[in-house]
Structure formats: C-alpha cells, structure tokens
Amino acid sequence: MRIGVISDTHGLLDPAVAKHFADVDHIIHGGDVGPRAILSRLENLAPLTAVLGNTDDASLGLRDLEVVVLAGRTFLVRHIVDPDAQSEELQGLLDRVKPQVVVYGHTHQPRELRQDGILFLNPGSAGKQRFLCPRTLGILTLTEASMDVRMLTL
45 MRIGVISDTH
55 GLLDPAVAKH
65 FADVDHIIHG
75 GDVGPRAILS
85 RLENLAPLTA
95 VLGNTDDASL
105 GLRDLEVVVL
115 AGRTFLVRHI
125 VDPDAQSEEL
135 QGLLDRVKPQ
145 VVVYGHTHQP
155 RELRQDGILF
165 LNPGSAGKQR
175 FLCPRTLGIL
185 TLTEASMDVR
195 MLTL
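The numbering used here applies: residue 45 is where the sequence shown begins, and numbers increase by one.
Warning: the hint list may mix true and false statements.
What the hints assert, rightly or not - Below 16 Å or equal to it, Euclidean Cα-Cα: the simulated EDC-like pairs (lysine to aspartate or glutamate) are:
id, residue 1, residue 2
1, LYS172, ASP58
2, LYS172, ASP160
3, LYS142, GLU132
4, LYS63, ASP100
5, LYS142, GLU110
Claimed, not checked - Taking CB as the label site, the calculated pair distances span:
id, residue 1, residue 2, range
6, PRO59, ARG80, 27 to 37 Å
7, GLU156, VAL111, 14 to 24 Å
8, ARG140, ALA81, 31 to 41 Å
9, PRO59, GLU132, 35 to 45 Å
10, ALA66, GLU132, 38 to 48 Å
No wet-lab data here; the hints were simulated from the structure. Even for Gly, the Cβ is constructed at its ideal location relative to N, Cα and C.
Take the sequences, apply the hints, and build the full model.
Following this line, the structure appears as structure tokens:
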C-alpha cells in the first residue's frame, strides 16, 4: 500500500502533488490545510484522512486528532506533535492508541524518526516556502514486513 503524506499546504496545492500522488491508495494531511478546495482536490486523488491545523478554520469540519488503520497498521494523525519532548499528553495518546505510525506537521521541516517501534513522520510543508524550509511531501510504502518513507521536494 502506498500512502501520500502531506502537511502545511496553507491554501497552496502545487500541481506536482497530483503527479506524485497519482498512484497512492490513501492520502494523509497533517493539518494547516487552508480552504476546503484543498481537501476536495486531494479527495479526487485518493481517500483522505486530514486533521485541523493551528491556522485552519473550524468550518472545515476536521478534528484535531484522527486514528486510522491502513494495511493493518494504526496511524495517529495530529498537527502538533513533538516526539522529542516526551510530554505526558503525547505519552498518554501513544499508550491509548498504540500507533505504529504518527503523522504530524506544524514545523515545516521534513522528518522521519523511528522510536520505540513507532514511525514519527513529518512530511514538511507542501505550501508556500517559509522559514527557509524546502517544500516537501512524503510517500509511505507499506508491506507486511516494512514501512519505507520517501521524501520528495516540490
């Protein structure tokens, strides 16, 4: 199974996203979407799981936390996650949900961290370049034996 992972579009969906996500089975958006049109365009490519980011309007109807099971793996999706902080709140979520993958955004910095059997994946920002960060997204390929991440620059 191939999953397109994107975050922090902030109202900009580069046409290259459709090319990169042309053959994905599912898309996960880690928040800071922008207008509803971004969600609609992504939903036209593949089934979509998305969360509310700190700059998103509640009228999008998104929740700030989603749990989805794809290819037998549990995903926790939340816009703001700091895997380095080890906060009680995050640890409580991890203990309750028991995810194999945590998808997040907010920092605009792509990151792949494997820690305590969990893949923490921030695809970076696919929107307008900010904070000197590259514009990126990710493709997560799941097999029975592996979870392989490929980060792509837009």
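Evaluation of the provided hints:
1. LYS172 x ASP58: The hint holds at about 9 Å.
2. LYS172 x ASP160: 33 Å, violated
3. LYS142 x GLU132: Holds, at about 15 Å.
4. LYS63 x ASP100: 25 Å, violated
5. LYS142 x GLU110: With Cα atoms ~13 Å apart, LYS142 and GLU110 stay inside 16 Å; holds.
6. PRO59 x ARG80: 27 to 37 Å: Roughly 19 Å apart at Cβ, these two residues miss the hinted range, so it is violated.
7. GLU156 x VAL111: 14 to 24 Å: Since GLU156 and VAL111 have Cβ atoms about 20 Å apart, the given range 14 to 24 Å holds.
8. ARG140 x ALA81: 31 to 41 Å: 34 Å, holds
9. PRO59 x GLU132: 35 to 45 Å: 42 Å, holds
10. ALA66 x GLU132: 38 to 48 Å: 41 Å, holds
Checked against the numbered hints above, the structure breaks hints 2, 4 and 6 and satisfies the rest.
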